[in-house]
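**Q** Here are the chains, one letter per residue:
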Amino acid sequence: MTAPAWLEVLDETLDACRAHGRADLAQRLHRRRDRPARGPRIAVLGFAKQGKGYLVNAVLNAPVCPVGDAPTPAVPVEIGYAAEPGATLVGRAEERVEVPVERLTGEVGARPAGSLRRVEVGVPRDLLSAGLVLVDTPAVGDPRSPRTMAALDVLADADAVVLVSDATTELGPAELALAHHIRTWCPHLVVALTKIDVCPSWRAVAERNRAALSEAGIDAAVLPVSSTVRFAAAKAGDQELNIRSGFPELLGWIAGQVSQPPETRAALLAAVSVRAAAAELVETLRLRAEAAGQEAGVDQATLLHRTQRRADELRRRNSRWQNLLSDEIADLQSDAEYDLRERTRRIVETIDETFDRGDPVKVWDEFGPWLDRTLAEAVETTYTFTADRAEWIAQAVAATFGVQYDLAEVTPPESGADQIAEVRQPRIERFKIGQKAFTGLRGSYGGVLMFGLVTGLAGLPLLNPISLGAGVAFAAKTISDEGGMRLQRRQAVAKMTAQRHVDDVFLRFSKDCRDAIRHVQRRLRDHFTALADDLADELSRERETIIAGSAERERRTARLRREIDRLAALHQRAGELGLRAGRAPKELSA
Amino acid sequence: MTEDVRTLLADACAFYRDSRRASALLREALDHLDEPLRVGVTGAAGSGKTTLAAALGDWPSRALRDLELVDDPSPSTLTDASVQLLRHLEPDELTTLRPTASSTFARQTAVDTVLVLARADETGAGRIDALLTAKQLARRAWREDPVCSGFQGVIAVAAQLGYGARASTDDEFELLAAFAAVPREELERYLLSVDAFTDPAFPGPVSAETRRSLVTRFSLFGVKLALTLIRTGCDNRLKLSAELVRRSGLGELQDTIAGCFAARAEALRARTAVISLETVLQAEPRPYSDRLAARVERFSATAHDFRELRLIADIRGGRTALSGEPAEEAVQLLGAQGTTPEERLGLETGSDPQDVYEAGLDAVLRWRHEAERPDRAPAERAAAHVVVRSVEGLLVQFTG
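Respectively, the protein sequence lines represent chains A and B. Just so you know, we're using the UniProt record's numbering here: the first sequence kicks off at 1 and counts up by one. Just so you know, we're using the UniProt record's numbering here: the second sequence kicks off at 1 and counts up by one.
In short, the hints are calculated from the structure, not lab data. The C-beta atom is built at its ideal place from N, Cα and C for all residues, glycine as well. There could be a bad hint or two in this list.
Footprint (simulated), chain A over chain B, 3 or more residues, beta carbon under 8 Å [what the hints assert, rightly or not]:
#1 11-22
#2 208-216
Distance windows between CB atoms, simulated [what the hints assert, rightly or not]:
#3 Ala-110(A) <-> Glu-380(B): 27 to 37 Å
#4 Asp-4(B) <-> Ala-110(A): 29 to 39 Å
#5 Arg-553(A) <-> Glu-144(B): 51 to 61 Å
#6 Ala-177(A) <-> Glu-144(B): 17 to 27 Å
#7 Arg-298(B) <-> Arg-522(A): 56 to 66 Å
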């Protein structure tokens, strides 16, 4: 037996889908291609609470599907012929569990969500005896929900679809979109308008639905039905009532699907699928070609011009950042020096004040640590100030490049304030007891002599109470004068020692600070020079790409065009296949 | 409460006087404080908004008198509360319900929406127990579905049936009674569908046109229900009408709107104003606007009305451990049946103030005990605290 004509077209389209990264389309075509030869499958689709389950039950005259408020299963239910009623739960891994039909709803509800793939039900009904399978699907709703996906997935295997919509409202935009989607992938569609028993205005709704469908270019009949009336008719055996239910027409449509020869069905299905896949793929490619075209639309000269502008900009920026950096660093240099000088000057002032009044002997123990601490603080503060400014300079320079560029790491080396040597205590002469006694004797001797001579004129002896008293007074005065002199000398020595120490520290750290700033300058200069070089390199590379790229782009666009033409040809061939299968192709614009 | 909010908004107006958009919004909110409570009726096309609004609106009722129903309000309209219609309580439809409020205050005080399972008579293909099934579905959703827990109620309503029944005429009752007199077996096939009901072969002299208008006004389900009710004892128009209205869910919806919206008009209007303010604060943040935000926060923390409404919904929705008589007493004390002291305490209007005071004292002692029982879960104690605070609030009116 020779392979059917449609197989070749289908395979070619399948390869194209795969080649262009549309695995989803390829998979659908695969399912069509590998479908075993069997009876027609009619899927029943619709949004929630439209009476889908009732309709299936009414078609079969059997309570197969859960209806009313019972939750409808989240997986498709395939209903086929069986001599004895029975149901099978098919799990994710195709494992099969037989359950009685009447316990089906409970059994399905008891399974964890997502563990089932589908449910197969067999019922002894003449309608199904020719191999027809009715597929009740989960309600369509939120496009991202697994239920909706499971329902739409059924389309890949369906020969025909009954779209269920109730007569309480007209077809909404979502339902029309669903109808359009179904009609693209499936050759036969009918809209069953349910619940006409309770809706007084169902005739108007049916008319408006027909108008909406034809306006949207969807080829589908609208069949008003009432499942309730159908059940009542079956119960009463009332033929006339059955006709009123609208079901004979729907069953006639189903029978029409069944009566088609399998080859015709397969060819038609293949034709429709190929056309749908080809149309979607062409759309994808066309978007890609358009994107490429837009890229190509900006001509080479414009692109080159643009890079030239950017190169000029970069040059300007280079001189700008270099000037900025050298200005800022010079400012920082002088500011830092002034800052440190100011701080040490204030320390020296305090030293002067301290030793103008205080006695080094008494205050040095306290003064020494204070001086060390204050100096360390001054150095540290100046240093932090320098580091902050350096950071700020780095940011300012980076800003001239634009925010997206990294900053250089600019922390200067350690301040080293903890390495400052402690101030050494000066040699301080003390006024000891022996010295005091000697000095006192010297003073008292003078006093006794002086007043002894004076009082001698009055006939008193040399050593009399007055001269002795004067001697004591003179001794005290001499001791005090000598003490004051020694204190001044000590103060002068302490002052000098402390000031010299401060000068040493200042000298050393102003040098360190200058070095640190120079270090920062070097770091920033290196970093931003490298950055500017990178940008320049990038620009020149870009320029080369622009010169080389336009040729490649043209090649790519031409390839896409050829591919689109090929798919259009496939689309047309599929249309001819459909024609041979007894159906005129409608849309032929690829 | 209104005065506090008025001051708050006036300050905000002064603060934003240089922004035309903000001050227009704030001015509108300020003006709305003096207008009637506005309740929006929203829902997808075909869910029966207009029918429901008409059914509620034509109701000459004291409780709903000072209330303005807005059918399908535009997003820019200031509404204080809303009745949200839904055809089915399906997960897909429920997820589309609540655009999460952008304002923190609005989220914290979300006590402004009643969910309506609309066209309840179409549930389950219009079987005779459709309304009961719908009622159960609504109740279950309110208790169990977390999406529904934020509403002041989930109520199944057959608005058309309720509307038709309430406005029914003696002629219509006579007609229905005549149909009910026909033997059931004979009538059954004519009640199968609207087409059958308006069939020329229908027994009796009533014209097809009259039958059509009847079925359009009551729906086929309504006609079937009415016939069943007449056969089982609703033998005059008023009885039938009352029973149909009760079953349609319209009465329950009206009670909820009266208790949760109309009785709290002041709090809900203040809430609308504060939400407007918070929207402005979010859209145009400025230095020092956080002071206004802090006042908004303080307002939401101190407004007891919102806590009462939230707790009423939680108790009725079965989300607290309270049930039976204590639950009924709690919702009454919280003001579900009216916010006057007498209504809260279940006393006759115009009772002796001394009696009211004593009843209040009794309630406050009992609920204080409830609030401090160490064997209760913290959530229960917190709920009891809210009740205590409500009763204390009404007692204060006597000591002042």
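**Q** Starting from the range 56 to 66 Å, see whether the pair Arg-298(B) and Arg-522(A) falls in it by beta-carbon distance.
**A** holds (57 Å)
**Q** With a cut-off of 8 Å between beta carbons, are at least three residues of the segment 208-216 of chain B near chain A?
**A** holds (count 3)
**Q** Is 17 to 27 Å right for how far apart the beta carbons of Ala-177(A) and Glu-144(B) are?
**A** violated (32 Å)
**Q** Go ahead and decide if the range 29 to 39 Å is satisfied by the Cβ distance of Asp-4(B) to Ala-110(A).
**A** violated (56 Å)
**Q** Range first: 27 to 37 Å. Now tell me if the beta carbons of Ala-110(A) and Glu-380(B) are that far apart.
**A** Since Ala-110(A) and Glu-380(B) have Cβ atoms about 34 Å apart, the given range 27 to 37 Å holds.
**Q** If you count the residues of the segment 11-22 of chain B with a beta-carbon closer than 8 Å to a beta-carbon of chain A, do you get 3 or more?
**A** violated (count 0)
**Q** Indicate whether the distance between the beta carbons of Arg-553(A) and Glu-144(B) respects the range 51 to 61 Å.
**A** For Arg-553(A) and Glu-144(B) the Cβ distance comes to about 59 Å; the hint holds.
When the structure is compared with the earlier hints, violations turn up for hints 1, 4 and 6 and for no others.
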